[in-house]
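Engineer: All chains should be modelled from the sequences, with the hints used to inform the complete structure.
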Amino acid sequence: NVWEWTSTRWDERMAQFAEEDENEQPREGGIVFTGSSTVVGWDLERCFPGLNALNRGFGGSVYSEAVHYFDKILLPYRPATIVLYSGDNDIAMGKSPEHVFRDFQALVTKIRHYLPEPRIIVLATKPSASRWDVWPAMKASNALVEAYADTQPDMTFVDISAPLLGDDGMPREDYYKEDRLHLTEAGYDAISELVRPLLTAPEA
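Here the numbering used here = 1-based position in the sequence shown + 75.
Hints are computed from structural coordinates only; laboratory data are not their basis.
Treat the hints with caution; some may be incorrect.
Pairwise CB distance ranges (calculated) [stated by the list, open to error]:
no.: 1; residue 1: Met-168; residue 2: Pro-272; range: 11 to 21 Å
no.: 2; residue 1: Gly-169; residue 2: Gln-91; range: 25 to 35 Å
no.: 3; residue 1: Trp-207; residue 2: Arg-153; range: 11 to 21 Å
no.: 4; residue 1: Arg-187; residue 2: Thr-259; range: 33 to 43 Å
no.: 5; residue 1: Thr-184; residue 2: Ala-261; range: 19 to 29 Å
no.: 6; residue 1: Thr-231; residue 2: Glu-103; range: 13 to 23 Å
no.: 7; residue 1: Lys-252; residue 2: Pro-124; range: 33 to 43 Å
no.: 8; residue 1: Arg-84; residue 2: Gly-125; range: 14 to 24 Å
no.: 9; residue 1: Ser-171; residue 2: Asp-225; range: 35 to 45 Å
no.: 10; residue 1: Thr-226; residue 2: Leu-273; range: 11 to 21 Å
no.: 11; residue 1: Ala-218; residue 2: Gly-125; range: 15 to 25 Å
no.: 12; residue 1: Arg-102; residue 2: Lys-252; range: 26 to 36 Å
no.: 13; residue 1: Glu-94; residue 2: Arg-153; range: 11 to 21 Å
Restricting the straight-line Cα-Cα distance to at most 30 Å, the calculated cross-link-like pairs of lysine-lysine (DSSO-like) are [to be verified]:
no.: 14; residue 1: Lys-185; residue 2: Lys-147
no.: 15; residue 1: Lys-185; residue 2: Lys-214
no.: 16; residue 1: Lys-214; residue 2: Lys-252
Where a beta carbon is used, it is the ideal one built from N, C-alpha and C, also for glycine.
Structural biologist: This is the structure we're talking about:
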């Protein structure tokens, strides 16, 4: 059963981004976060004050949709640093780790073709109690992405799963909302500690 998505699924969200840019055009050379709902829910100003990081997450999305909407979520901003998070919905929808990895590679290829300069920070797909049954597949896709990132210049893989797991190896309840999928502020604080040292303030 192949899961299909239409190219119009996120058009409304993209129009919202365009409207925000019209009201206040983000400066080029900054930091852009993009990906699924983990990015959407990330209060970047609270977690990374003073960095003016731009949030271009669209919840429920998968890597292939980031490829499709590249010219809406990344290209216009010509960022110095790109932070990517996805894979969560991809695996939950039945894509294999290899399929997720190919979609990730397709996104990186597109970024590097049009934006050769930015540093890319790719975050591991996070564990969650609600999707614990597919955590082994997520770990497998994370391993593929990490091995690839290690061979690439200006690309860093960050394993955000480690701080989200307790001593028992299970997701920490205090780091997740009642849906046992999305992060609480404490959960975001835990992963932000790993990402913050990799981000630098944009030059004035």
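Engineer: Which numbered conditions among the earlier hints are violated in the structure presented, ordered from lowest to highest?
Structural biologist: 1, 3, 5, 7, 8, 9 and 11
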